[in-house]
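Visitor: Each chain, letter by letter, is given below.
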Amino acid sequence: MNRFSQVMAGFTLLLAMSAAHAQLTIEITQGVDNPTPIAVVPFAWQGAGTAPEDIAGVVNSDLSRSGQFSPVDRRDMLGFPSVQKDIFYRDWRALNTEYILIGRVSIAGQMRIEYELYDVTRQTQVFSAVEEGSPNEARMLAHRVSDRVYEQLTGIPGAFATRLLYVSVTRNPAGKDYYRLTLADSDGARPIVLLESREPVMSPSWSPDGNQISYVSFETSRPAIYRQDLRTGAREQLTNFRGLNSSPTWSPDGNSMAMVLSKDGNPDVYIMNLATKRLTQITRHYAIDTEPTWMPDGQSLLFTSDRGGRPQIYRYNLKTGNTDRVTFDGSYNARARVAQDGRNVVLVTQRSGQFHIAILDLVTERTQVLTSTALDESPSIAPNGSMVLYATKYGDRGILAAVSVDGGVKFRLPARDGDVREPAWSPYMRR
Amino acid sequence: MKQFAVAGKVMTLLFTAAFLVACTSNDTKEQEAAAAEAAAAAAAAAEAQRAAAAEQAEGQMRLQEAAAAVGNVFYFEYDSSTLTAEAQRALDAHIALLQGTEKTVRLEGHTDERGTRDYNMALGERRANSVRDYMVVNGVASYRIETVSYGEEQPIAYGSGETNWVQNRRVELK
Numbered sequence: 001m002n003r004f005s006q007v008m009a010g011f012t013l014l015l016a017m018s019a020a021h022a023q024l025t026i027e028i029t030q031g032v033d034n035p036t037p038i039a040v041v042p043f044a045w046q047g048a049g050t051a052p053e054d055i056a057g058v059v060n061s062d063l064s065r066s067g068q069f070s071p072v073d074r075r076d077m078l079g080f081p082s083v084q085k086d087i088f089y090r091d092w093r094a095l096n097t098e099y100i101l102i103g104r105v106s107i108a109g110q111m112r113i114e115y116e117l118y119d120v121t122r123q124t125q126v127f128s129a130v131e132e133g134s135p136n137e138a139r140m141l142a143h144r145v146s147d148r149v150y151e152q153l154t155g156i157p158g159a160f161a162t163r164l165l166y167v168s169v170t171r172n173p174a175g176k177d178y179y180r181l182t183l184a185d186s187d188g189a190r191p192i193v194l195l196e197s198r199e200p201v202m203s204p205s206w207s208p209d210g211n212q213i214s215y216v217s218f219e220t221s222r223p224a225i226y227r228q229d230l231r232t233g234a235r236e237q238l239t240n241f242r243g244l245n246s247s248p249t250w251s252p253d254g255n256s257m258a259m260v261l262s263k264d265g266n267p268d269v270y271i272m273n274l275a276t277k278r279l280t281q282i283t284r285h286y287a288i289d290t291e292p293t294w295m296p297d298g299q300s301l302l303f304t305s306d307r308g309g310r311p312q313i314y315r316y317n318l319k320t321g322n323t324d325r326v327t328f329d330g331s332y333n334a335r336a337r338v339a340q341d342g343r344n345v346v347l348v349t350q351r352s353g354q355f356h357i358a359i360l361d362l363v364t365e366r367t368q369v370l371t372s373t374a375l376d377e378s379p380s381i382a383p384n385g386s387m388v389l390y391a392t393k394y395g396d397r398g399i400l401a402a403v404s405v406d407g408g409v410k411f412r413l414p415a416r417d418g419d420v421r422e423p424a425w426s427p428y429m430r431r
Numbered sequence: 001m002k003q004f005a006v007a008g009k010v011m012t013l014l015f016t017a018a019f020l021v022a023c024t025s026n027d028t029k030e031q032e033a034a035a036a037e038a039a040a041a042a043a044a045a046a047e048a049q050r051a052a053a054a055e056q057a058e059g060q061m062r063l064q065e066a067a068a069a070v071g072n073v074f075y076f077e078y079d080s081s082t083l084t085a086e087a088q089r090a091l092d093a094h095i096a097l098l099q100g101t102e103k104t105v106r107l108e109g110h111t112d113e114r115g116t117r118d119y120n121m122a123l124g125e126r127r128a129n130s131v132r133d134y135m136v137v138n139g140v141a142s143y144r145i146e147t148v149s150y151g152e153e154q155p156i157a158y159g160s161g162e163t164n165w166v167q168n169r170r171v172e173l174k
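Which chain is which? The protein sequence lines are A and B, in order. Under my numbering, the residue at position 49 of the first sequence is numbered 49, and the numbers go up by one with no gaps. Under my numbering, the residue at position 120 of the second sequence is numbered 120, and the numbers go up by one with no gaps.
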């Protein structure tokens, strides 16, 4: 590569990184009936100039998006206390808020956020904590504040300090479309394009430690499975077989990857040992076997098969080699993903010709349909098991949407342009 | 095949002419006559070959026109990989064309947007395979055919509803 094309390649990459292609916004469409009122007071900036990031603003929109909270509008606040002695409870009671969150932000090399939550009725401190990290990660630190507040008040760990992968497509009527694999914060902020191609990019999935991803790319004019390290950017092509190379998903221990290959004539599930690249064939059936996913204990795989005539979810026990059918409710159940509790399974189900997201409780064997739009697919469950992110169609555009596992909270994440699909919610990020 | 047969005839005639020339080298008259006969025969054979080649080229062009007329996209019913009668007729034109050449083809399978993406990848492959199998049964060597599934990733029509979906459930021959 000569110097000029090197410079140009760098330039193109930079463009791709900076352009807010398919930047997601959030529209809350449904929350819980009685969300908890909370006042997130702007945090005091204890440095020179203006604060590099509105930490309280990020926390405010996180809590609001969860549907569990109704934050007090800043414009209604009578003051912005940042220490306990400046809180006048009477003022906050007048705003009917139950909790008040205050904090202070400083930077001395590292960014430091000190914050406290108070119960307005009891006039007591609920908890206080500190988050520290690189100023470049200010938004991620703010999401950690949200995680702590959410856990204190709901009993469930928050999943705001996590990230999303998704595929977006810009249609090009004059020729081939543009496919992009994008990494963003859980609120859609700070999108980074990891891969841009004129050929399809599909099936993004996370390693269990959140440091690596895998996906399918058609960049060689055939599908192949790749893995990419998010810290180093190093990329490795894992498969290049004749036929399908699809549906890569990492094992819970991170050592293996389940995938679908049709190299022997028919789509079957295989497991690749990532160190040796050795393949073990899991299913052997003339039907379509696809969309494998691991149970959190790593002892069995769920997959989609039409061996019974129509697609249904089956479970393969890696210890015994036994296969049993898991779904019976509805004529089409596919692409399962399992919550960390190993109990809730989200999947795509067909009802009256429409495709919805449903949740199956493996213990009670009850299925609840969570969505009502017609073309819902690719469900991905948050690491805390609370929300399901999925792809749907709004108008004739592909968008992402989310629904809580009880169906009570819903929001959409439309992109400014292009079609967005195949969201993959990260595991908890290792600190 | 026709081309080989004509070429064979030319070879035989040339060989006979040379043999005759060799055998009668003592008699100049006979030699001249034989040479003239051989030259005439060779010319006739060459003419026949040209005519056959022209006829074949014309035949190939007719097959090309027939294949172009039926198009290179074959459509399927919902969630089905069974070739329709119409798709079979269209494929027959392409098979006839392929039989006169050593060209390789690529079959790209596609689905509509309904159903999950990876299941549709498998369905697109099934469609491409059923086109491949039909071609193989009808005499196209399997090594000349490559199949790739794009699932629902590359629609022709972006909207929803059957009018759009029907255009997307297809195999493209390239």
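It cannot be assumed that every hint is accurate.
Stated by the list, open to error - Simulated pairs of lysine-lysine, DSS-like, Cα-Cα distance not exceeding 25 Å:
1) A:LYS263 / A:LYS277
2) A:LYS263 / B:LYS103
3) B:LYS174 / A:LYS176
4) B:LYS174 / A:LYS263
5) A:LYS277 / A:LYS319
6) B:LYS103 / B:LYS29
Derived by calculation from the structure, the hints in this document are not laboratory data.
Visitor: Could you run down the list of hints and mark each one as holding or not?
Guide: A quick look at each hint next to the structure:
{"no.": "1", "hint": "A:LYS263 / A:LYS277", "verdict": "holds (16 Å)"}
{"no.": "2", "hint": "A:LYS263 / B:LYS103", "verdict": "holds (23 Å)"}
{"no.": "3", "hint": "B:LYS174 / A:LYS176", "verdict": "holds (16 Å)"}
{"no.": "4", "hint": "B:LYS174 / A:LYS263", "verdict": "holds (21 Å)"}
{"no.": "5", "hint": "A:LYS277 / A:LYS319", "verdict": "holds (21 Å)"}
{"no.": "6", "hint": "B:LYS103 / B:LYS29", "verdict": "violated (51 Å)"}
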